[in-house]
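Since the structure of chain D is already known, use the hints to place chain Z on it.
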Amino acid sequence: MIDNNVVDKSKDITILELLDRVLNKGVILTGDIVISVADIDLIYLGVKLMLSSVETMEQIRSGKSISK
Amino acid sequence: MIYSLLSVKRNQEELNDLLNQLKGISGGSLSSVSYATITAVVSEINGNHLIADQSNAVEYARIIEALAQQFTLLPMRFGSMMETNDAITKMMERNCLEIQQNLQKVDNKVEYGLKIFCDSGKLREKIKASYELNTQSSIKTTSQIINSIYRDYVDKKLAEHRLEDLLLTFVDSVIAGITGSLNRLKAICKFRKMITETTIIDAVFLLDKKNERSLVHLIDDFKNQFNELDFVLTGPWPPYNFVETTIK
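Each protein sequence line maps, in turn, to chains D and Z.
The opening position of the first sequence corresponds to residue 13 in this note's numbering, with each subsequent residue numbered one higher.
The opening position of the second sequence corresponds to residue 49 in this note's numbering, with each subsequent residue numbered one higher.
So here's chain Z without its partners, still in its complex pose:
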């Protein structure tokens, strides 16, 4: 089982000390396999039989977290296994450049997650009320043009469509505000919007460790600015969302 790929440089002894203090999944001993400047942290899994339950996943994350406290690393996805240490060495040799480039990208950086929730009904009502005058005048115009038995239905659909547009514009404005502020921290941001009715934004940020406090203050400011939204900031995480790489 491979937990992480690390940039150890001259700290091999420090890594050995840490691995001696930790236990792998199923109580297996942790060890390291190195190639050039890259080191993989591994442990034996009996018969390659891994139980994919919550406690093992949490245990796996705990080990990565402990390693991330002291080293720059690329977390491996849970369930990454190879037959032998020799196979791992060859894998690192084949992908050496890509691994090193990714390690460099996340060096001295941490990941934070931000989820923004809303009460869908209340938010829609608020947005609708804000734009009520414009909406009313538009519907009136449309109603005068379309004079048929389908008029009410069309008007209703148009109003719904307008509301969805307004909601999307509102979400985009929140994202633009956050992105603009995070640019000052030189953070890399990834946003997904309108995940569910209530989760309107799911974002992850990668930023320098020295800027963590600034991020927390900044999100706190946004929280005060948008009382109708619930902000949940989690972190610091190892850079799970910023190692978009598939290695062979």
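Chain D on its own, in the form it takes in the complex:
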């Protein structure tokens, strides 16, 4: 039988891995695109990683892209 704590821990790690990839990795677009963070209502900040990833997006926005 699988320990519930192990399953929960695995789920947590998986969701953090997923968020890290979606928010911090992948092809980056620059130029006349909109990576709009300042206009967004951040309605959920329960995951610590999400906070750091939003900071990354803000850096991208201020440094490389033109906000609408």
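No lab work stands behind these hints: they were computed from the structure.
Wrong hints could be hidden among the right ones.
[Claimed, not checked] Calculated lysine to aspartate or glutamate pairs in the EDC-like style (CA-CA distance at most 20 Å, straight line):
(1) Z:Lys238 - D:Glu29
(2) Z:Lys241 - D:Glu29
(3) Z:Lys241 - D:Asp32
(4) Z:Lys241 - Z:Asp203
(5) Z:Lys234 - D:Glu29
(6) Z:Lys170 - Z:Glu276
(7) Z:Lys241 - Z:Asp167
(8) Z:Lys174 - Z:Asp278
[Stated by the list, open to error] A few chain D residues that face chain Z, going by a derived Cβ cut-off under 8 Å, partial list only:
(9) Ile25
(10) Thr26
(11) Leu35
(12) Ile40
(13) Leu41
(14) Thr42
Every value quoted in this text rests on a predicted model; they were computed, and no experiment measured them.
Think of the CB as a built atom: it goes at the ideal place given N, C-alpha and C, for glycine as much as any other residue.
Here is chain Z on its own, set in the frame of chain D:
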């Protein structure tokens, strides 16, 4: 909102069928925009207003995952938006060669992530014990040379420094072992070490789909070899960590 850049080739109908079955973020319909052999999967975001919350990020990943099951793709970073389909076409035209080269690099490949954790105190104790004799003799030598009130402090600092060196050597040996084994699978590996006190290795691998099972067995072998470490392997992922490209 752009989700992914795909190599669709002759499977446009297959893509259309899949897009009809999926919904974009906020329930928007998914559609495709093509240029040459490249296709972008997109959906409308009302007023360019995107809520950057966990559920939208997970939804975004789910769509990319579904596409990756059937097509070679480059995942876009969450929040990538352009004003119009025409702007997307022009973006693909401007970056056509680079996008095609990246698509070729990840064709028929999957990404896996590996995190290796340890109980920092226990691992340090074990390493220290393994090298206790050498450390003792070195400290003795040093103590004979430095005969001052600062001797104990210097000895302590030297011992700490030695321990950190030994820990780093140990981590490097684990990385070398994994890299050596993965070479056989022709995997591309990226390692970051000593991320935190407890996360000693954070690695990502890109390998052929046919070698997935071999990777799992190989990591399992390492797990048995290093009982004091916790191995967490995740995947298969679309190749998020192997599309290091910024397009305009």
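| Given hint Asp32 of chain D paired with Lys241 of chain Z - CA-CA distance at most 20 Å | holds (17 Å)
| field | Satisfaction of hint between Glu29 of chain D and Lys238 of chain Z, Cα-Cα up to 20 Å | value | Holds. Lys238 of chain Z to Glu29 of chain D sits at ~15 Å (cutoff 20 Å).
| task | Sort out whether Asp167 of chain Z lies within 20 Å of Lys241 of chain Z, counting only the CA atoms. | result | With Cα atoms ~15 Å apart, Lys241 of chain Z and Asp167 of chain Z stay inside 20 Å; holds.
| Interface hint status, Leu41 of chain D versus chain Z (Cβ within 8 Å) | Where the cut-off is 8 Å and the nearest Cβ of chain Z is about 5 Å from Leu41 of chain D, the hint holds.
| Within 20 Å, alpha carbon to alpha carbon, are Lys241 of chain Z and Asp203 of chain Z? | violated (27 Å)
| query | Regarding the pair Lys174 of chain Z and Asp278 of chain Z, is the alpha-carbon distance no greater than 20 Å? | reply | holds (15 Å)
| said: Holds or violated: the hint that Ile25 of chain D contacts chain Z, with Cβ atoms closer than 8 Å. | reply: holds (6 Å)
| query | Taken at face value, is the distance from the CA of Glu29 of chain D to the CA of Lys241 of chain Z at most 20 Å? | reply | Between Lys241 of chain Z and Glu29 of chain D the Cα gap is close to 17 Å, so the pair holds against 20 Å.
| request: Would you check whether Ile40 of chain D satisfies its interface hint, that is, whether its CB is within less than 8 Å of any CB in chain Z? | output: holds (4 Å)
| Status of the Thr26 of chain D interface restraint (C-beta, 8 Å, chain Z) | Holds - the Cβ of Thr26 of chain D comes within 8 Å of chain Z, reaching about 6 Å at its closest.
| request: Please work out if Lys234 of chain Z and Glu29 of chain D have their alpha carbons no farther apart than 20 Å. | output: Outside the cut-off at roughly 24 Å; violated.
| said: Check whether the Cα positions of Lys170 of chain Z and Glu276 of chain Z lie no farther apart than 20 Å. | reply: holds (8 Å)
Violated hints, in rising order: 4, 5; the structure is consistent with all others.
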